[in-house]
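Peer 1: Chain residues, written in single-letter form:
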Amino acid sequence: MLSRDQVLHVARLARLELSEDEQRQMSEELSKVLDHIERIGELGDLADVEPTSHVIAVENALRADEPRPCLPPEVALASAPEADMGGFRVPSPGPAPA
Amino acid sequence: MSDALSLTAAAAAARIRAGELDPSELWHGYRERAAADRHNAYVWVAPDGDAPGVDPAAPLAGVPVAVKDLFCTEGVPSQAGSKILEGYRPPYTATSVERLTGAGAPLLAKTNQDEFAMGSSTENSAYGPTLNPWDPARVPGGSSGGSAAAVAAGSAPWAIGTDTGGSIRQPAALCGIVGLKPTYGAVSRYGMIAFASSLDQAGTFTRDVTDAALLLGAMAGKDPCDSTSVGLPGPIELPSRADLRGVRLGVPEELTGEGIEPGVLAAFERTLDVARELGATVEPFRLPHAPHALAAYYLIAPAEASSNLARYDGVRYGFRADGVRDLLHMYTETREQGFGREVKRRIMLGTYALSSGYYDAYYGRAQKVRTLISDDFKAAWERFDFVATPTAPTVAFELGAKTADPLAMYLNDFCTVPMSLAGIPGISIPNGLSDGLPVGFQLAGPAFSENALLDAACALERAIDFRDAPWRRG
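So the protein sequences, as listed, match chains E and R.
The first sequence begins at 1 in the numbering used here and counts up one residue at a time.
The second sequence begins at 1 in the numbering used here and counts up one residue at a time.
Heads up, none of these hints are tricks.
With a cut-off of at most 20 Å between alpha-carbon atoms, the simulated EDC-like pairs for lysine to aspartate or glutamate come out as follows:
{"hint": "1", "chain 1": "E", "residue 1": "Lys32", "chain 2": "R", "residue 2": "Glu342"}
{"hint": "2", "chain 1": "R", "residue 1": "Lys222", "chain 2": "E", "residue 2": "Asp65"}
{"hint": "3", "chain 1": "E", "residue 1": "Lys32", "chain 2": "E", "residue 2": "Glu42"}
{"hint": "4", "chain 1": "E", "residue 1": "Lys32", "chain 2": "R", "residue 2": "Asp405"}
{"hint": "5", "chain 1": "R", "residue 1": "Lys222", "chain 2": "E", "residue 2": "Glu59"}
{"hint": "6", "chain 1": "R", "residue 1": "Lys378", "chain 2": "E", "residue 2": "Glu50"}
{"hint": "7", "chain 1": "R", "residue 1": "Lys83", "chain 2": "E", "residue 2": "Glu17"}
{"hint": "8", "chain 1": "R", "residue 1": "Lys83", "chain 2": "R", "residue 2": "Glu333"}
{"hint": "9", "chain 1": "R", "residue 1": "Lys368", "chain 2": "E", "residue 2": "Glu42"}
{"hint": "10", "chain 1": "R", "residue 1": "Lys378", "chain 2": "E", "residue 2": "Asp48"}
{"hint": "11", "chain 1": "R", "residue 1": "Lys222", "chain 2": "E", "residue 2": "Glu66"}
{"hint": "12", "chain 1": "R", "residue 1": "Lys83", "chain 2": "E", "residue 2": "Glu82"}
{"hint": "13", "chain 1": "R", "residue 1": "Lys368", "chain 2": "E", "residue 2": "Asp45"}
{"hint": "14", "chain 1": "R", "residue 1": "Lys83", "chain 2": "R", "residue 2": "Asp313"}
{"hint": "15", "chain 1": "R", "residue 1": "Lys83", "chain 2": "E", "residue 2": "Glu22"}
{"hint": "16", "chain 1": "R", "residue 1": "Lys368", "chain 2": "E", "residue 2": "Glu50"}
{"hint": "17", "chain 1": "R", "residue 1": "Lys378", "chain 2": "R", "residue 2": "Glu253"}
{"hint": "18", "chain 1": "R", "residue 1": "Lys368", "chain 2": "E", "residue 2": "Asp48"}
{"hint": "19", "chain 1": "R", "residue 1": "Lys368", "chain 2": "E", "residue 2": "Glu38"}
Everything labelled a hint here was simulated from the structure, so no lab data went into it.
With the hints as constraints, model all of the structure from the sequences given.
Peer 2: In structure tokens, the structure reads:
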């Protein structure tokens with residue numbers, strides 16, 4: 001069972017601001033899913049098994065290091081919620097910590 | 001025109017090449033159907049106007065294609081079913097889509113999907129659920145439900161989608177059409193809005209197996225923009241096989257028993273009989289780690305998603321929340337308001353699985369289980385040419401039936417997830433009805449066995465002779 005505190009901790013790591021309702025639901029729903037997921041514990045000691053992060057063998061995929069055109073700045077900025085002075089505008093990070 | 005719209009894409013292309021069909025008429029016919037669609041299969045349809053110029057000599061001869069929303073298409077909305085990408089018109093086009101348009105298939109429409117491809121019913125779209133053309137009270141499956149519904153209804157000749165744990169094969173099954181997930185790496189992921197990068201793979205939705213071969217052949221290939229792409233070892237041949245003499249089919253006990261609906265199992269058994277009549281040998285065998293595949297998948301995929309979706313922060317594109325106090329508050333509010341419930345659930349699950357103290361027991365262990373599952377399949381290929389299972393444990397279910405129970409929804413992927421974890425190709429073909437709804441038969445083969453897999457599926461398709469799909473009714 002995931003406690004409310006654990007849910008809040010994970011939400012903070014994931015940069016999610018969950019409402020009270022969501023926190024409660026998340027704790028119930030994730031606990032149920034985790035109960036199923038815990039089944040991978042049944043497989044016992046896997047110390048000798050290599051992990052798979054990529055399933056098809058690919059060795060150093062290199063390409064020629066040749067300059068090619070990239071997006072012009074105005075195109076790269078066109079989708080931004082707020083652009084200014086050739087950059088992405090964001091709110092202030094807030095006052096420096098005391 | 002409705003005559004031409006009831007042709008397979010390969011047949012329409014042949015007529016265009018023979019000068020018997022005007023590609024602009026075909027375009028207008030499909031465009032009107034897509035614009036009039038009643039299943040919410042589309043989130044964008046090409047505007048009325050002149051048909052795009054096409055070269056009838058090109059491999060796809062001007063037969064238009066519908067594309068899942070998460071493929072970036074320059075200047076055309078690409079929102080991946082999410083509010084957080086509302087209004088996003090990318091400045092570039094996905095390699096797979098470029099290859100298709102380059103091969104003569106103009107972009108007809110963008111199709112609805114579960115948000116960021118997370119779901120098995122297309123109910124998790126910020127743009128409303130897609131309805132199943134067989135019964136609008138039921139889901140089309142997911143996450144590529146819009147592409148499946150579009151092809152099943154006949155408002156698109158063919159479509160592309162993505163499959164991370166079953167998102168092509170399961171909706172194809174639930175909509176009574178052919179869905180192909182190629183080997184991981186066969187098709188470039190460049191320009192596909194990512195869900196789980198080590199699993200995501202683009203593939204096809206078509207009316208028959210020949211169309212799947214034609215579309216995959218045009219789309220596959222190594223791409224310098226995706227260093228994990230490898231392409232296919234040779235060109236895709238159009239399938240021609242009519243028998244299965246000498247073909248060895250393995251039926252994994254773990255994926256053909258408990259949890260599969262009786263009507264689905266009955267159709268599966270009938271198709272195995274068809275395979276035997278065509279000359280195949282059919283033998284049960286064990287995939288011992290398959291029962292743990294779903295658990296491993298629901299750790300690996302959310303973990304990768306939690307990392308991929310960190311980019312949605314309201315800075316560079318898409319939605320940004322109003323009235324925020326500071327930068328951090330902008331991130332958290334944008335994500336709170338921009339992501340739907342299932343996406344938040346998976347981000348939470350993935351973040352938890354990767355968090356300090358849990359990494360080894362969850363994510364690390366899941367990657368080891370992935371190795372065990374790959375090894376199970378490698379052992380299978382010593383004895384069999386292909387593995388056969390039902391595609392999905394049930395037929396299309398009613399809207400809302402599983403939205404309150406995430407685990408029940410996840411169990412839809414039970415028969416498709418093992419192949420995804422192993423990176424091997426799988427195809428779903430319609431193999432009958434249960435209670436009037438279509439059932440899918442999944443055939444999976446070793447990595448890069450696409451030509452043989454398509455041939456075997458083609459032989460089965462001819463013998464099954466499934467004729468009930470809505471697109472045939474015109």
